[in-house]
Amino acid sequence: MTRTEEGAGAFASAPAASPGRLGQGGALTRRQRYERRQLVRSVLTAAISTLVFAVLLVALVTRLETWPRVRETFFDGGVFGDSFMPILKAFWLDVRIFLVCAPCILVLGLLVSLARSTRSPVLFPVRALATLYVDFTRGVPVILWIYLIGFGVVGLVNTRSFFGGYLFWGGVALVWTYSAYVSEVFRAGIESVHESQRAAARSLGLSATLTNRHVVLPQAVRRVVPPLMNDFVSLQKDVALISLLGPVEALRRADIIQDRTFNFTPFVVAALLFISVSIPLTRLADHLLAKERRRMSGTAVR
Amino acid sequence: MSALLEYRSVRKSFGEKVVLDGIDLSVRRGEVISLIGASGSGKSTLLRCTNLLEPIDDGEIVFDGVDISEPGLPPDPVRRRVGMVFQSFNLFPHMTVLENVTLAPRKVLKRPKGEATERAMTMLTRFGLAEKANDYPDRCSGGQQQRVAIVRALQMDPEVMLLDEITSALDPELVGEVLEVVRGLRAQGMTMLLATHEMGFAREISDQVCFLKDGRIHEQGPPERIFTMPSEPETRDFLARVIASGRM
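Chains as they are written, first to last, in full-length UniProt numbering: chain A, 1 to 302; chain B, 1 to 248.
No lab work stands behind these hints: they were computed from the structure.
Since the structure is predicted, the reported quantities are computational estimates derived from the model, not experimental observations.
C-beta: ideal position from N, C-alpha, C; glycine also.
Be a bit skeptical, because a hint or two may be false.
[Claimed, not checked] Only part of the chain B face toward chain A is listed, based on derived beta-carbon distances under 7 Å:
no. : residue
1   : Asn51
2   : Leu53
3   : Glu54
4   : Met84
5   : Phe92
6   : Thr96
7   : Ala104
8   : Arg106
9   : Val108
10  : Lys110
11  : Lys113
[What the hints assert, rightly or not] Pair ranges (Cβ atoms, derived):
no. : chain 1 : residue 1 : chain 2 : residue 2 : range
12  : A       : Glu35     : B       : Thr122    : 34 to 44 Å
13  : A       : His194    : B       : Asp58     : 58 to 68 Å
14  : B       : Ser231    : A       : Val126    : 28 to 38 Å
15  : A       : Leu272    : B       : Ala130    : 37 to 47 Å
16  : B       : Glu16     : A       : Gln38     : 55 to 65 Å
17  : A       : His194    : B       : Arg126    : 42 to 52 Å
18  : A       : Val122    : B       : Ser13     : 50 to 60 Å
19  : B       : Arg126    : A       : Arg213    : 28 to 38 Å
20  : B       : Ser141    : A       : Glu191    : 26 to 36 Å
21  : A       : Val126    : B       : Asp58     : 30 to 40 Å
22  : B       : Pro112    : A       : Phe163    : 42 to 52 Å
23  : B       : Asp64     : A       : Gly139    : 40 to 50 Å
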């Protein structure tokens, strides 16, 4: 049936059942029949098109003259098997760094955003410092901060203890840079809470501090969860920058194995490990964002 | 001279725009005064200034013998005694109805949670909102939300209530339930200052009606006189337009 016929039929069969509800006697409504047909059609089309595309791609790539060399360099089964476990173990360090840094970043980011939204003249220096910190930190590449703090500060302190080590100061560099970005996300959230909410709280006699704590912040934090997730997806990958300082995490381990085998498969292993965390995190962020959007706008528009 | 609230030559501008141009008004304890007039005539601003949400430029607002318009005066003690209800309810969306109405008593008056909850539930029950106590505001109708907002202000035991066009954002069939609450407050002797577009209600409930235009009170008097034989041409003109629009 073509589209026009469908349309004409729709006008011809007049008694309108509301869409989304079963018609008389449990039969599908005309809208439901139409939607079901559309769904089957689009799923089939997508499946066939994907299959054709995949076959063409594989045929094309494997036919390339250089394919055997590419496969050997990046997808060597033997190297993959040998290097997977060592790199996975090293990746556990990345995960631990992430798990320690993320909460520190949340706390510091929130504190900085609060410092920036104070109004009292006594706190002017605090406000100015927070603003300077955010501007300077965001204006410099993350990798430069890693060098500055990771190598620079480490040189000043006793390197024997854990708190003098490259790992610790690398973590400090990540917390330092990411807190600046995260504080801006929090600040946007705080500013997105409508002025009338503040008016209502203040009219009840709540002080500015109580208003912030019980009315503004709880709403602001809820709103910024999705954008925060995006920052944490990048943090999860930027943890690998610490390898520049020496600690043997996944990227460093892969590098060491590559030096020995002259094969790039270990890097592919490391990449797959990062992907195995970042893709679920990204999907979670998308899901939260979609949920927030639905909450704000009622129903989704087709 | 037993005025609870007194405005003396109150002036306020937003930039070039003069919104209050010398307001003189006296509100006695237990009195209900309606402010009528077109949008932008200064009704809402007068109420917001009374609750110190906006500072005035000149003049005095005296509440219970104290000039509360004194610059630098701490606003919180005044706001505790002056309740305010807004056109768009302004309930806190992340709190349940019960949390909305107990927040200020618990945090500002330091009432213990049990006592605050008990007092809140008593009043919510009286206003037919008991079964909504644990719902979030977005699960309540507009009329219910506005009644919750009134309860929230009343929980602070205010001496005067400022009602800022509290039925303007409601569907017509929900206006009645909110006005009924205001009638109840009047019966209990609550002092009220209300900005409203509900002329019939203003006529029924007020002791005094003030007609505002361009930040000035053009005419003030008992509702029977203002609505039936206004003396000022501006008032007549305004009421004629209200009648023409079918709102009275």
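Consistency of the hints with the structure:
no.	hint	in the structure
1	Asn51	holds, 5 Å
2	Leu53	holds, 6 Å
3	Glu54	violated, 10 Å
4	Met84	holds, 4 Å
5	Phe92	holds, 6 Å
6	Thr96	violated, 13 Å
7	Ala104	holds, 4 Å
8	Arg106	violated, 10 Å
9	Val108	holds, 5 Å
10	Lys110	violated, 12 Å
11	Lys113	violated, 14 Å
12	A:Glu35 <-> B:Thr122: 34 to 44 Å	violated, 51 Å
13	A:His194 <-> B:Asp58: 58 to 68 Å	violated, 30 Å
14	B:Ser231 <-> A:Val126: 28 to 38 Å	violated, 59 Å
15	A:Leu272 <-> B:Ala130: 37 to 47 Å	violated, 58 Å
16	B:Glu16 <-> A:Gln38: 55 to 65 Å	holds, 58 Å
17	A:His194 <-> B:Arg126: 42 to 52 Å	violated, 30 Å
18	A:Val122 <-> B:Ser13: 50 to 60 Å	violated, 30 Å
19	B:Arg126 <-> A:Arg213: 28 to 38 Å	holds, 30 Å
20	B:Ser141 <-> A:Glu191: 26 to 36 Å	holds, 30 Å
21	A:Val126 <-> B:Asp58: 30 to 40 Å	holds, 35 Å
22	B:Pro112 <-> A:Phe163: 42 to 52 Å	holds, 45 Å
23	B:Asp64 <-> A:Gly139: 40 to 50 Å	violated, 54 Å
Hint violations for this structure: numbers 3, 6, 8, 10, 11, 12, 13, 14, 15, 17, 18, 23, all remaining hints satisfied.
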